[in-house]
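Q: Please build the complete structure, drawing on both the sequences and the hints.
Residue strings, one per chain:
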Amino acid sequence: MASLLLLTVFLPLVGAAVLAASPGLDYRKARRNALVVVLATLALSLFLLAGFDPDKSRPQFGFEDGDGSFGFPWMGQLGVRFALGVDGVSLWLFALTSLLMITAVFSSWESIKERAATHYALLLSLQTGLLGLFASLDVVMFYIFFEFTLIPLFFLIGLYGGHDRKRASVTFFLYTLAGSLLTLLGVIALVGVYYSHTGILTFSMPELTKGLATLKWDGWFEADSWASPQVVIFLLLFAGFAIKVPMFPFHTWLPLAHVEAPTAGSILLAGVMLKVGGYGLFRFNLAMTPLGAQFLFPWLAALSVIGIVYGALAALAQTDVKRLVAYSSVSHMGFIVLGLFSLNGTGMDGAMIQMINHGITTGALFACVGVFYERYHTREMAELGGLWNWSPLWAFFLILASLGSAAVPLLNGFVGEFPILLGMYRRSPPHAVIAAIGMVLGAYYLLWMLERVVFGPLKEPHVHGSDDSASHGAADSHGHGHAHSHARPIGWHEIAGLTPLMVLIVFIGVYPKPFFDRLRPATEPVVANITAEEHHAKATKPVTAFARPESAPTPPQPAAPATNVSPRGHSL
Amino acid sequence: MTALPPLESAIQTLRILLPELLLLVVATVMMTAGAFVRLPRKVWSRTSAIALILAGLVLLLIRNEVYDPYQGVFVNDAMSLYARLLFIVAGLIVLGLAHDQVDDARAAEFFGCLLVINAGAMLVSGANELVFLFVGLELVSIPTYLLLYLPRRTATTQEAATKYFFLSIFSSGLLLFGMAYLYGLTGVSNLKSLAFLSATMSGIPQIPFGLIALIFIMAGLGFRVAAVPFHFYAPDVYEGSPAIMAALLAWVPKGLGFVAILRTLVAFISATGAGSAISDKAALLAGILAVITMTLGNTVALAQNNLKRLLAYSSIAHAGYLMIGVAVTFRNGASGGVALGAEGLLFYLAAYAAMTLGAFGVIIAVNSGDRAVETVDDMAGLAQSHRGLALQMAICLFSLAGIPPLAGFVGKFELFAAAWSASKGEDAGLFQLIALAGAINSAIGAYYYLRLVVVMFLRPLRGKPFSVRMTLPTGAAVLACTLLTIILGLAASPMLTATHEAAVAVSTLPDPTGLENLTVGGDPAK
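Going down the list, the protein sequences come from chains A and B. Reminder that position 307 of the first sequence reads as 307 in this note's numbering, one-by-one numbering, no gaps. Just add 1000 to wherever you are in the second sequence, counting from 1, and you've got this note's numbering.
In case anyone wonders, no lab produced these hints; they're calculated from the structure. Quick reminder that beta carbons are idealized off the backbone N, C-alpha and C, glycines included. Just so you know, not all the hints are guaranteed correct.
Some but not every residue of chain B turned toward chain A, in silico, with C-beta under 8 Å [claimed, not checked]: (1) Val1338; (2) Phe1398; (3) Pro1404; (4) Trp1420; (5) Ser1442; (6) Ala1492; (7) Leu1496; (8) His1500.
What follows is a list of derived Cβ distance ranges for each label pair [unchecked claim]: (9) B:Thr1299 to A:Thr198: 35 to 41 Å; (10) B:Thr1375 to A:Gly24: 29 to 35 Å; (11) B:Met1470 to A:Pro23: 47 to 53 Å.
Here are a few chain B residues that sit away from chain A, every Cβ distance over 12 Å (derived from the structure) [claimed, not checked]: (12) Met1031; (13) Phe1134; (14) Ser1172; (15) Gly1203; (16) Ile1204; (17) Leu1211; (18) Tyr1233; (19) Val1300; (20) Glu1343; (21) Ile1403; (22) Glu1414; (23) Val1454; (24) Ser1467; (25) Glu1501.
A: Right, dumping it as structure tokens:
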């Protein structure tokens, strides 16, 4: 199984190399080749999923040495190892990446005709970056994949994006790079701390996680000021991941990048890349510097709820459907971070499953937006309406994805957001309450979008490629109900790309147990670590440890900026 | 220790200097013959290439020759092997780029000078004697003046050459002044002996004189590596010189300067042990220089539009990153930390050589036809017509920006790791700030490299189409740079081992007691 994981991670890169070697390839052949590769990767991922032992908390499918260390030496002198393996948390993100790639390829099926081979090569190399990132068991490897994903995405946005694509791609690249360089320092600092107190030079994630929690250095467990080691390292690590998520003040790159990215880019950006931030926060910040998270809790929780409310209000103010979905991501990712920083099992499990849910629903939403953008070349809600009449099936997909995203019970969003709120309520009720308001707002803007785009009489802008007068005539004469659209009907590839996501939206909503069963063994040790370190901290510094959780909630803080942004929300 | 008779010692020294001697002999023959016979330039360039390859082979043959480091003018240790090989490989790449950049009439002198420069750089790599080291440095400087004057095309070229000449003389003066003080500290000019004395005797190096030596040597070598405040000549000289000379200046003096810093200063400063007064002051000095140099290089580069000026500021910024390695080595020598400072420095030098020469190589290639490509905007649309070239340039630029999995990333990672874990205790903050400054600078620097990538890939062609007359050696040199950039990133392990051994060799003292046996055993005929 270990070599199977290796194969799964690098198969897309091989495909990318083959496609990149023949840049002049016809788009039909290019997309067919890409589809074969992503389907094979998905099949391998599903095979791994089936072979995953849900009871183990230790990473699986890795090459293991006799002494229990993963992988084999890579940068020998430095102690960096080439170590792959997945646990319950990375397993689902791994599978999600493989699945969303199918949607991404299908959504570029007709829309990418020029330089198609390069496009699919970039998509596939992005997939290797993402799969490798989730399967890395070595911090340096993780970082390398983490940064590597920037390059294909930079070119995807820059070469195939909208009008403002150059600015969008550069902003995206530099913003995330700036943050992740600080994360690199944080990673080095973690390794340095462990090395200087144990004399063991290791970059292995499981070893560092375990070792740092039981470090023989009391200073490590004193997190009572901004200068304490765990807090400093937490902040360094946080810089990169907060930008990736993105958390509230660092989100400004996201709407730009999403709007300008081609549909496939948006799907992967929102569906998987944002999860990298959440995954990093879990793997590094929570697993290795939990006391930093505890010390900074008031700030982190405040930023998360501001993000939730701000994202929702900003989404309400949008006229462009894609921008609306982009801002909804800011809001929903706020939930995920809130769940993570609740620092208890309930919230964390909720956050982990919500990452999957958000990946599925946002991926589906962006794919749906891509479907009509390809036909109408507009995403302005004012120019669209009644698209149910154009394609009921497509409208059904959009409605289901929206409802899933709005956390309607029995659909997947609910399964994630409910435990998050519950977990947060345990730690700090005011934050949970404000977040719940964000949830209501979330339902509001999505339904409002549905009302304008899907329901009512058919209103189509000029249809690309069809006769001018005919399309206007259609929009005018068929005012009610049973209208005929001149846009191309929804294609089989679009249905094929969206159907699996729809099935999962319902499946996770109804029966999330298999997901939680595999997640829990991976989150439990982290939660146990947090509890143990909190006890350790209490033992060494009783006063601060008791004072912290009580002083944590700062209710006026999130409310104030929320009202500041609300005028913008109502302006349109 | 018993000293060897003078004759035998000379023979031993000559044996380990065989590669340099070979290059110098070939160069002398070429330059002399060039005055009498007219041969096409390809004859000269091929002769030089063969000489370099032979020198490399000879070097590998003699790599195990051991010679008493407390006597000899040259040490044949891991550091010397690493740096000499590096200069030979980079020399071959430069030769590939240069092979058609000069007309037949001047080819003999041109390639002869290149060989002499290489020999000089290799001499510095293993120099173990102040005077010998200085000779090596001048062996690089003097042919460089000649190369800068050779084209004699325009007033700007002449101005650039003159500027470089005077500043270089000035810096040599500073360096000699510092060396005089260094000699005055102990009265020995053998660097290993100097290090041995400062490691074992208290009161050596004496602080005021040691500091004078340190500051003046850093100043003299700071000019060569283009570190602040001796950086200002670089943009003007690069811009005013032909691209091949800019490439040479961006690589050779920088590599040479850092190797010389390791050989002279690290020897006696890190030998005094971490925490000694002079090591703290030296580390502080190098750390401040590092931060100022990279910040200045990166921020000013943001505003550049001329390609050569942009790369000049980029080279200044990289001098700053490399200086981090110097600071850490001053502080810690061969102990402590996740990585050694000298290790990171030596790795980054190799990475820097590959990626910078690659970038200059692409500039040389796109200028090979009728269309002059001078500014960033002139590169617009390169990816449309010359996909391969643009891709190779992008790889080199991403590596310069420190994006994994390329060589530049591994180098930066090592340097930052070395800096972050350099010191514990009260002044831990200093090195953490240096690492932080390095990280922030990498983010700033990424902007201008990315701008070039954007121009090449995302902008349409402007004006006349590119005319590229790619020749095999140029193409091979650029490809070698690109491949090295990728390989050093993905399969860094052998290189990391080599740099580690070199770093240990340069910052530790050989055991003086066991050496006598070694010398005798190594030469059974005597």
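Q: Confirm or reject each hint.
A: We went through each hint and held it up to the structure:
1. Val1338: At about 6 Å, which falls below the 8 Å cut-off, the nearest Cβ of chain A leaves the hint on B:Val1338 intact, so it holds.
2. Phe1398: Because about 7 Å separates B:Phe1398 from the closest Cβ in chain A, which is inside the 8 Å limit, the hint holds.
3. Pro1404: holds, 4 Å
4. Trp1420: holds, 5 Å
5. Ser1442: holds, 5 Å
6. Ala1492: With a minimum Cβ separation of about 5 Å from chain A (threshold 8 Å), the hint on B:Ala1492 holds.
7. Leu1496: holds, 4 Å
8. His1500: At about 5 Å, which falls below the 8 Å cut-off, the nearest Cβ of chain A leaves the hint on B:His1500 intact, so it holds.
9. B:Thr1299 to A:Thr198: 35 to 41 Å: 40 Å Cβ-Cβ, so the 35 to 41 Å window holds.
10. B:Thr1375 to A:Gly24: 29 to 35 Å: holds, 30 Å
11. B:Met1470 to A:Pro23: 47 to 53 Å: violated, 18 Å
12. Met1031: holds, 42 Å
13. Phe1134: holds, 33 Å
14. Ser1172: Non-interface label stands for B:Ser1172: nearest chain A Cβ at 36 Å, farther than 12 Å.
15. Gly1203: It holds; B:Gly1203 is separated from chain A by about 32 Å at its closest Cβ, greater than 12 Å.
16. Ile1204: holds, 31 Å
17. Leu1211: Since the minimum Cβ distance to chain A is about 30 Å, B:Leu1211 lies beyond 12 Å and the statement holds.
18. Tyr1233: Fine: 30 Å to the nearest Cβ keeps B:Tyr1233 off the interface.
19. Val1300: Nearest chain A Cβ is 18 Å from B:Val1300, so the label holds.
20. Glu1343: Not fine: 7 Å to the nearest Cβ puts B:Glu1343 too close to chain A.
21. Ile1403: At about 6 Å from chain A, B:Ile1403 fails to clear the 12 Å cut-off, so the statement is violated.
22. Glu1414: At about 7 Å from chain A, B:Glu1414 fails to clear the 12 Å cut-off, so the statement is violated.
23. Val1454: violated, 6 Å
24. Ser1467: Since the minimum Cβ distance to chain A is about 22 Å, B:Ser1467 lies beyond 12 Å and the statement holds.
25. Glu1501: It is violated; B:Glu1501 is separated from chain A by about 9 Å at its closest Cβ, not greater than 12 Å.
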